[in-house]
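Asker: Sequence:
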Amino acid sequence: MDIVVYMSPSCDHTDEILQLMEECLAECGVTTGYQTVETRDFEDAKEKKSLGCPTIRTNGVDIEYGPQEPEEYTSGCRYYNTLDGWKPMPPKNLIIGGIKRAQEKL
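Under this note's numbering, read the sequence shown as residues 1 to 106, first letter to last.
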């Protein structure tokens, strides 16, 4: 399984998302870890298909949008639509759902 977290130096959520990723991986029983990829600017984000920081992909699929993702690439901060409004971090259940969907396809 391939898990990639797209990060940006312009957003200050690095420590928080890495901790959340560790929790979610442990909860799903995943021991293989994940890769972090830095996006430096718009062109870099567009090339890497980063929807902002943090973008999390499992087997190439965005955890929020799935295969129907928008072409709105950015190296800036990303916000997730949650039950509590727009948040700069994905909810834990969204990350776990993405991991579990990827596990099912193995």
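Just to be clear, a hint being listed does not mean it is correct.
To be verified - With beta-carbon atoms standing in for the labels, derived distance ranges: (1) 33 with 105: 26 to 34 Å; (2) 38 with 71: 17 to 25 Å; (3) 46 with 26: 12 to 20 Å; (4) 87 with 27: 16 to 24 Å; (5) 104 with 10: 19 to 27 Å; (6) 10 with 106: 28 to 36 Å; (7) 71 with 19: 26 to 34 Å.
Since the hints were made in silico from the structure, they are not lab data. For clarity, every value in this text was computed on a predicted model and none was experimentally measured. Note that the Cβ used here is the ideal one computed from N, Cα and C, for glycine as well.
Asker: The structure should be examined with respect to each hint, and the outcome stated for every one.
Answerer: Cross-check of the supplied hints:
Between residue 33 and residue 105 the beta carbon distance is about 18 Å. The supplied range of 26 to 34 Å is therefore violated. Roughly 21 Å separates the CB atoms of residue 38 and residue 71, a value that falls within the hinted 17 to 25 Å. A C-beta distance of roughly 33 Å is found between residue 46 and residue 26, which places it outside the suggested range of 12 to 20 Å. Range check, residue 87 to residue 27: about 19 Å between beta-carbon atoms, so the 16 to 24 Å window is met.
A hinted range of 19 to 27 Å is violated for the C-beta pair residue 104 and residue 10, which are about 34 Å apart. Between residue 10 and residue 106 the CB atoms are about 34 Å apart, so this pair conforms to the stated range of 28 to 36 Å. Separated by about 30 Å at the C-beta atoms, residue 71 and residue 19 satisfy the suggested range of 26 to 34 Å.
The structure fails to meet hints 1, 3 and 5 from the earlier list, while all remaining hints are met.
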